[in-house]
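The listed protein sequences correspond, in order, to chains A and B. Take the first sequence: its position 222, counted from the start at 1, is 222 in the numbering used here, and no numbers get skipped. Take the second sequence: its position 6, counted from the start at 1, is 6 in the numbering used here, and no numbers get skipped.
Read the hints as simulated data drawn from the structure, not as lab findings. Careful, some of the hints might be misleading.
[Claimed, not checked] Here are the computed lysine-lysine pairs in the DSS-like style, where the Cα-Cα straight-line distance is at most 30 Å:
(1) K72(A) - K129(A)
(2) K106(B) - K72(A)
(3) K106(B) - K129(A)
All values derive from a computational prediction rather than experimental measurement.
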Amino acid sequence: MDNSESQPRLDVAAIHAATQGLRLGAPLLYFPAIGSTNTHVMELAREGAAEGLLVMTDEQTAGRGRIGRAWKSLPGRQLECSLLLRPTAFPPHFLVMASAVAVAESIEAVADVQAGIKWPNDVQVDGRKVCGILIETTSDFVVLGIGLNVNGTLADDPALAALATTLADACGRTLSREALAIELLQRLDARYADLCANGTAAREALRAAWRGRLVTLGRRVTLLQGEASISGVAEDVDESGALLLRRNDGTRQTVTWGDVSS
Amino acid sequence: MVRERAERGGEATPSQPSSGLNIAEIRQLISLMESSDIDEISVERESEGLKLVLRRPAPSSGALLEDDEDFGEDDFAADAEKSKSTAVEVGAPLVGVFRASMKNDKPLVAPGDIVREGQIIAAIEALNVLNEVEASVAGRITDILVTDGQPVEYGQTLLVIEPA
Chain A
1 MDNSESQPRL DVAAIHAATQ GLRLGAPLLY FPAIGSTNTH VMELAREGAA
51 EGLLVMTDEQ TAGRGRIGRA WKSLPGRQLE CSLLLRPTAF PPHFLVMASA
101 VAVAESIEAV ADVQAGIKWP NDVQVDGRKV CGILIETTSD FVVLGIGLNV
151 NGTLADDPAL AALATTLADA CGRTLSREAL AIELLQRLDA RYADLCANGT
201 AAREALRAAW RGRLVTLGRR VTLLQGEASI SGVAEDVDES GALLLRRNDG
251 TRQTVTWGDV SS
Chain B
1 MVRERAERGG EATPSQPSSG LNIAEIRQLI SLMESSDIDE ISVERESEGL
51 KLVLRRPAPS SGALLEDDED FGEDDFAADA EKSKSTAVEV GAPLVGVFRA
101 SMKNDKPLVA PGDIVREGQI IAAIEALNVL NEVEASVAGR ITDILVTDGQ
151 PVEYGQTLLV IEPA
């Protein structure tokens, strides 16, 4: 498996046809290449675009992760998209959980490989990251960006391959990006509708699903927070998704940010 | 470092305040308020002697600083007092880490910058979510009280704007 063969464009017509009637995914805008899907959705949101807008692309030329971290683009081999949401019934951290769970479940349904979540929302296969999720909020809307490494390989970049992988590398075959997109939209739409309609029961069910997939729990971890770091055992998560860390001195610390490095 | 709550010992769950509401319930109430237009939530349980009032902090809604000093005699002092009396504090909308930029490059604003109402001036990151902070009024940034990467508490003043 390599990255040299040209790839067919994403079949957005198939995705659109299979997701008719969903709250999320319409209108669907497709760009063969775009700077950043998140940035574009934010621009459209500020112009008043309605909830559910989905922007998809085959190549992000200026894709970005959190705080501007670079996103390695594998043109035509990834699922790269951003959704516009305008939630009013629940805070954004439930979207952290909903998106990570929906991605993990979709991977298992389509690729038949087990997927876990590194706190709070890095989706992993074989202990390596396969999906980056970037959520940006304003007072009026939320933009949910998802970048999933589907086909191709990262083996040509050993440093990156130690930390990340593609689903194709993990399951040994080329996968349909359209099938993954449809699965993801359906699952995300169902979670979102549940959160909007069913309040506490939906939140608790989602949190349980998310917590059950957290590979971080029970492990001794180091959290990198800028130039500093804190270490301890990741004991649990609280109701808002914050990590409960038992530090070496016995104190328990509630952590809302940082990169889990081990 | 981030420290919303640190407790010593082997408790498996957050400590219970004597009020009868636990930390998780209070956080849920705060989340509810954050995700709504509610400005104040009041909980009263007479049998437990509990009265809890959560009120949206004045800074995040762009309230004015109180002017509790007399005006000075000279123009400079008067100007300074006027500036203080009209300055608007922008508070953190949630607990997290302060991000001066969205892309880890040039800060979105610096002291002296003119901003318009609704302009993105910073972000608070929590659970990998970047929550944008908007200018609550048009004016000039007079002070930035936190640094990039600094943990902040709910309602903590981040920046000060002198309204145009």
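- Failing hints, ascending? The structure conflicts with no hint, since it agrees with every one listed earlier.
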